[in-house]
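Chemist: Residues per chain, in single letters:
2 protein chains.
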Amino acid sequence: MKFCTHCGGSLRHAIPEGDDRLRHICDACGIVHYLNPKVIAGCIPVWEDRVLLCRRAIEPRLGYWTLPAGFMELGETLAEAARREAREEANVEVELGPLYTLFSLPHISQVYAFFRARMLEERFSAGAESLEARLFGEAEIPWDELSFDTVRRSLRLFFTDLRNGGGFVFRMEDIGPDAWKRRGEEIG
Amino acid sequence: MKFCTHCGGSLRHAIPEGDDRLRHICDACGIVHYLNPKVIAGCIPVWEDRVLLCRRAIEPRLGYWTLPAGFMELGETLAEAARREAREEANVEVELGPLYTLFSLPHISQVYAFFRARMLEERFSAGAESLEARLFGEAEIPWDELSFDTVRRSLRLFFTDLRNGGGFVFRMEDIGPDAWKRRGEEIG
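Which chain is which? The protein sequence lines are A and B, in order.
The numbering used here numbers the first residue of the first sequence as 1 and each following residue consecutively.
The numbering used here numbers the first residue of the second sequence as 1 and each following residue consecutively.
Simulated from the structure, these hints should not be mistaken for lab results.
Glycine included, each C-beta is placed from N, C-alpha and C at the ideal position.
Hints are not guaranteed to be accurate.
Claimed, not checked - Covered stretches of chain A (chain B as the covering partner; in silico rule of three or more C-beta atoms under 8 Å from a C-beta of chain B):
{"no.": "1", "region": "8 to 21"}
{"no.": "2", "region": "28 to 39"}
{"no.": "3", "region": "67 to 77"}
{"no.": "4", "region": "116 to 127"}
{"no.": "5", "region": "169 to 175"}
Start from the sequences and build out the full structure, keeping to the hints where you can.
Modeler: This is the structure:
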């Protein structure tokens, strides 16, 4: 951030009066520009005992498998964002269940929210940002080719809860930069 | 948004190729500037059967009572943001419990998250952004002088759960612009 979005003036990196953090302040018009974490919303689309994954056609993690998810847009609810992403990435219509996982990723300033979801019919295809879309049973999940820790962790929890009789419990967790290595393969 | 933060060029309001929404695009360097919802994190600080509220010293809703909460900062987890806000607004140290409420407010592009919290000691005072801080039992809550629907709704749910034996359940809800009127006073 170098220039003011409001007046085009140069931005200075300084702590505003009454604040305690460095912000981008405009020398010309005085406006303070705040940067805040972004929210990613997605879902776990389920058909019978299988889960729908998409192979990413875009960076980051091009070629890796992911749950349909993406940046929440202005004017949306979390649920609307999750449903839209399922539609965009996998051309699938889902009925959302309860929120299932909520992650803070402070090292990249993101908050991830995944809902459980029921596919309305066994009908889907790769959206513009996906190379392919496919249903996976637990034994088929490409654990080493998943896109993000949030996806890996949500799938681990989901199949564990499913095996334990389907008593799905909402989880809120924090994920650091080396979460996968620290957790160990067994808990995802 | 009129100018590019990267090069200072003029921004155009248009739909980028492969997108389906109006974005701010820089005519000079081509960068697309995305705007996304913001996250507000807070908590319900509890001492015995009373809840700590702060009277706002800043707009919006100056003079109204609120739960300590504020915009999540870069590099924070939801829990860290909630604890920091309790410290900043009420000079109170809390031990956070589970996440209690999560609201989408699409009309103002915000996501609100409130944790339950236990005050570590009966010690608090008004922070820089508060006129005063005070503990309230359910009968004393100034329902008509609360700052935001998210605060009112969280407190309603909290005291209802408390009266029903303390079986606190996580809730995710959407709140529209006229939520209070639509819901009616009895459910907050």
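Chemist: None of the hints should be skipped; say for each whether it holds.
Modeler: Here is what the structure says about each hint:
Judged by the Cβ-Cβ criterion of 8 Å, the region 8 to 21 of chain A is covered by chain B as claimed, because 4 of its residues qualify and three suffice. Only when three residues or more bring their CB closer than 8 Å to a CB of chain B does the claim for the region 28 to 39 of chain A stand; here the count is 7, and the claim holds. Restraint check on the region 67 to 77 of chain A versus chain B: 7 residues with Cβ-Cβ distances below 8 Å, three needed, restraint holds. Evaluation of the coverage hint for the region 116 to 127 of chain A: breached, as 0 residues show C-beta separations to chain B shorter than 8 Å, against a requirement of three.
Counting residues of the region 169 to 175 of chain A whose CB lies closer than 8 Å to any CB of chain B gives 3, which reaches the minimum of 3, so the coverage claim holds.
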